[in-house]
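*Asks:* What follows is each chain in one-letter form.
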Amino acid sequence: GDSVTQMEGPVTLSEEAFLTINCTYTATGYPSLFWYVQYPGEGLQLLLKATKADDKGSNKGFEATYRKETTSFHLEKGSVQVSDSAVYFCALSARGSQGNLIFGKGTKLSVKP
Amino acid sequence: GAGVSQSPSNKVTEKGKDVELRCDPISGHTALYWYRQSLGQGLEFLIYFQGNSAPDKSGLPSDRFSAERTGGSVSTLTIQRTQQEDSAVYLCASSLQERNTIYFGEGSWLTVV
Numbered sequence: 036g037d038s039v040t041q042m043e044g045p046v047t048l049s050e051e052a053f054l055t056i057n058c059t060y061t062a063t064g065y066p067s068l069f070w071y072v073q074y075p076g077e078g079l080q081l082l083l084k085a086t087k088a089d090d091k092g093s094n095k096g097f098e099a100t101y102r103k104e105t106t107s108f109h110l111e112k113g114s115v116q117v118s119d120s121a122v123y124f125c126a127l128s129a130r131g132s133q134g135n136l137i138f139g140k141g142t143k144l145s146v147k148p
Numbered sequence: 362g363a364g365v366s367q368s369p370s371n372k373v374t375e376k377g378k379d380v381e382l383r384c385d386p387i388s389g390h391t392a393l394y395w396y397r398q399s400l401g402q403g404l405e406f407l408i409y410f411q412g413n414s415a416p417d418k419s420g421l422p423s424d425r426f427s428a429e430r431t432g433g434s435v436s437t438l439t440i441q442r443t444q445q446e447d448s449a450v451y452l453c454a455s456s457l458q459e460r461n462t463i464y465f466g467e468g469s470w471l472t473v474v
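Chains as they are written, first to last, in the working numbering: chain E, 36 to 148; chain S, 362 to 474.
Bound-form chain E, shown alone:
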């Protein structure tokens, strides 16, 4: 079945460091891909998405590119801030589905000043 695998955390970085969180997926056809973020004490929020191959999603300085050839959707940010500390979830929505999301297990990011 469809699945999402993302790098296990926790990830600890210093402020202004470069961030990469790896995400790969398994799906039939061409799913839509998402990154959700969960800040401490808050609900899941959509961070960015891409709906077809080679699309780049971006928001708040974060980027991810839909790579069909490597079935990946890695999340990157050039310079993280303390306020980026959160849990990040990669997810897919399979073509032909009702839009139901399949999530990775989440990666906890801590950014230290």
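Think of the hints as simulated: they come from the structure by calculation, not from any bench.
Some hints could be false.
Stated by the list, open to error - Using C-beta positions, here's what the derived DEER-type ranges look like:
| id | chain 1 | residue 1 | chain 2 | residue 2 | range |
| --- | --- | --- | --- | --- | --- |
| 1 | S | Ser366 | E | Thr63 | 32 to 42 Å |
| 2 | E | Pro45 | S | Lys378 | 26 to 36 Å |
| 3 | S | Arg383 | E | Glu104 | 38 to 48 Å |
| 4 | S | Pro422 | E | Thr63 | 16 to 26 Å |
| 5 | E | Glu104 | S | Lys378 | 43 to 53 Å |
To be verified - With a straight-line cut-off of 25 Å between C-alpha atoms, the simulated SDA-like cross-links for lysine to any residue are:
| id | chain 1 | residue 1 | chain 2 | residue 2 |
| --- | --- | --- | --- | --- |
| 6 | E | Lys84 | S | Phe406 |
| 7 | E | Lys91 | S | Leu457 |
| 8 | E | Lys140 | S | Pro422 |
Because the structure is a prediction, the values reported are computed rather than measured.
Glycine is no exception: its CB is placed at the ideal position from the N, C-alpha and C atoms.
Position chain S against the provided structure of chain E, taking the given hints into account.
*Replies:* Relative to the frame of chain E, chain S by itself:
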């Protein structure tokens, strides 16, 4: 309201008791989802409602779990004869229609003792 609203935010119950969790989706959203977030399991899909169609119950883990959606708006997730393994955060989400961006509530944290 502005977002997906869930209640209670926290619930502690004794093993064997029944619990009801409520979700009020974003006004006008026809699609409603329930997910469960537990340690080590990530986010699991439970059930999906779309308009007046029959719900997709394929993610419900056992027959102790059920959900209904009245009038196409508010939804209640019921867990009967709770077990300790039911302890988790139960997340509700909605979208304008299927395959649109999904918005999550802050969740109901259930602890079974």
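*Asks:* Would you pick out the hints that fail for this structure and give their numbers low to high?
*Replies:* When the structure is compared with the hints, none of them turns out to be violated.
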